[in-house]
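Q: Protein chains in written order, with the working numbering: chain A, 1 to 381; chain B, 1001 to 1129.
It is possible that part of the hints are untrue.
[Claimed, not checked] Only pairs whose alpha carbons sit at most 20 Å apart, straight line, appear in this in silico EDC-like list of lysine to aspartate or glutamate:
1. Lys-143/A x Asp-129/A
2. Lys-101/A x Glu-1110/B
3. Lys-217/A x Glu-1108/B
4. Lys-217/A x Asp-155/A
5. Lys-250/A x Glu-281/A
6. Lys-250/A x Glu-164/A
7. Lys-217/A x Asp-258/A
8. Lys-196/A x Glu-1092/B
9. Lys-101/A x Asp-76/A
[Claimed, not checked] Quick list of the computed label-pair ranges, beta carbon to beta carbon:
10. Leu-208/A x Glu-1110/B: 51 to 61 Å
11. Leu-195/A x Thr-1071/B: 37 to 47 Å
12. Met-1001/B x Asp-305/A: 44 to 54 Å
13. Lys-154/A x Met-1001/B: 42 to 52 Å
14. Leu-1043/B x Ser-295/A: 29 to 39 Å
15. Lys-250/A x Glu-1092/B: 58 to 68 Å
16. Asn-221/A x Glu-1036/B: 31 to 41 Å
17. Leu-195/A x Arg-1046/B: 32 to 42 Å
18. Thr-365/A x Ala-1025/B: 26 to 36 Å
19. Thr-188/A x Glu-1110/B: 16 to 26 Å
20. Gly-359/A x Glu-1036/B: 16 to 26 Å
[To be verified] Chain B regions said to be covered by chain A (calculated; three or more residues, Cβ under 8 Å):
21. 1004–1017
22. 1115–1121
Honestly, the hints are just simulated from the structure, not real lab data. For every residue, glycine included, the Cβ atom is placed at its ideal position computed from N, Cα and C.
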Amino acid sequence: MSTAPDGLNQFERWAEPDLRAVLESIPDALVVVDADGRIVMTNAKTCDAFGYAAGELTGLPVDVLLPERHRRSHADHRRRFLDAPRARSIGERTGLQALRKDGTEFPAEIAVSPIRTARGMLVCTVVRDISERLRVARSLHEKSLQLESAGRTKDRFLAAMSHELRTPLNAIVGFTGTLLMRLPGPLTADQEIQLKTVQSSARQLVGLINDLLDLAKLDSNEVGLRREWFDCRGLVDELTAQLHPASTAKGLELTVADANDAVMVYSDRQILRQILCKLMENAIQFTASGAVLVSVTRVGSNDPDEVQITVADTGPGISGEALARLFEGFPRLDHGGVLRGAGTGLGLHLSRKLAMLLGGTLSCTSEQGGGSQFTVSVPAP
Amino acid sequence: MSARILIIDDDLPSLALVEYLLQSAGHATTTADDGERGMREALTQRFDLIISDLHLPGLTGYEIVARLRATPEWRRVPVVAVTASSMVGDRESVLAAGFDGYISKPIEPENFVIEVQRYLETAPAGGGS
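Assemble the whole structure, with the sequences as input and the hints as a guide.
A: Structural data, given as structure tokens:
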């Protein structure tokens, strides 16, 4: 039946039924062409992909599978290939188009192998339709552009929210402060108590907004570290002095254990300060009577590789179940969604994330009725 | 020591707060609630200190400081940014833009006057060049 006698006959002699079945099972189109560029064999996938009936392609010039504009360069390619035949794997040439019988085209990837036969060189080409893959790649690219843009929108939103939320708080915190400073005139005892309540609530709100924004910044990897050598012990002393009025107001003793030498650490001072400040504020807030004790310890033998700071309180302690969920963020939310106690638990969640950012850890040991100990460890390095 | 201080802020409660605090401390204040008005005031009077918000209608705080720094006569007047934005890098970008200081909102009224005093003391006398 064929007009391409040599190659075809050659091939058909080998094509035992089993071998034929193997070729038909290949999921890519397979086109075998002789040295003159005539198709001597195809598999079923070829007819499918190019829209031909079974056997219809055999004997036709391979050019029928190429868009008109590629035919001249394809002839050159074939000539060069026959001069120096070597196998080329799939994907080595990109941007190829294949032509279907109905005139439509599809993007293709090819692998070419020379087959030496007694009757001359045959060229076996595997053709893979990559339209689906290109479509997926395009859609992924579009999705990634959309995500990028959504990320930028989120950043702008955060910046705007930060600004919008803080602006009215400026007047609330500010004028409460001026009244408490008695700049406009004297206050009664009740006025002072109530204004202090406004002040502490407003400060709590500022803290919450700051924590939320910090968390958002951490989640989008926007927090850069600024490491420097500093005295951890000095940092604790500084915070103790800052929080002394708050602890004194509650009748609590706030002390630093065994005053000793400087404990140098190479870390981000501002971030460690933020973590410690949160832990110490919490300890003061949740302890009704007794003391808050802060200790700074070197861990390691000669060359300290870690510095641990522990904030221990004599507060009510935390039950096992609550302890397990302490750092999850919003653990104070009861099942009914009602806030229990003060605070949202967001601060501890943020603090642990910040400790991890420093390459350290934040943990808690506590017993109900037996106080709590929060320990932050940072590499020294 | 009483100083002449220009306050630029489009949030009127914030403007009133800063004005009240500074007046209580004995300073003479001028206020402007948008950037253009603030710029006009800055160029018509000699101030010891300018306290400006960053996000302003008309001209932004950044534009105001850039224009002042480009004018020999006003180049050395200290300008402090008081802003409610506190995103990463804000402080750095504010100082790099030519501001002499950065105070974030909400301001702490107990410390605000002391901080302002510090800027007044470290500023070159007279504000002119």
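Q: Look at each hint and say if it fits the structure.
A: Verification of the supplied hints:
no. : hint                               : verdict
1   : Lys-143/A x Asp-129/A              : violated, 23 Å
2   : Lys-101/A x Glu-1110/B             : violated, 84 Å
3   : Lys-217/A x Glu-1108/B             : violated, 24 Å
4   : Lys-217/A x Asp-155/A              : holds, 9 Å
5   : Lys-250/A x Glu-281/A              : holds, 12 Å
6   : Lys-250/A x Glu-164/A              : violated, 34 Å
7   : Lys-217/A x Asp-258/A              : violated, 37 Å
8   : Lys-196/A x Glu-1092/B             : violated, 34 Å
9   : Lys-101/A x Asp-76/A               : violated, 23 Å
10  : Leu-208/A x Glu-1110/B: 51 to 61 Å : violated, 21 Å
11  : Leu-195/A x Thr-1071/B: 37 to 47 Å : holds, 44 Å
12  : Met-1001/B x Asp-305/A: 44 to 54 Å : holds, 53 Å
13  : Lys-154/A x Met-1001/B: 42 to 52 Å : holds, 47 Å
14  : Leu-1043/B x Ser-295/A: 29 to 39 Å : violated, 57 Å
15  : Lys-250/A x Glu-1092/B: 58 to 68 Å : violated, 37 Å
16  : Asn-221/A x Glu-1036/B: 31 to 41 Å : holds, 38 Å
17  : Leu-195/A x Arg-1046/B: 32 to 42 Å : holds, 38 Å
18  : Thr-365/A x Ala-1025/B: 26 to 36 Å : violated, 49 Å
19  : Thr-188/A x Glu-1110/B: 16 to 26 Å : holds, 21 Å
20  : Gly-359/A x Glu-1036/B: 16 to 26 Å : violated, 49 Å
21  : 1004–1017                          : holds (count 5)
22  : 1115–1121                          : violated (count 0)
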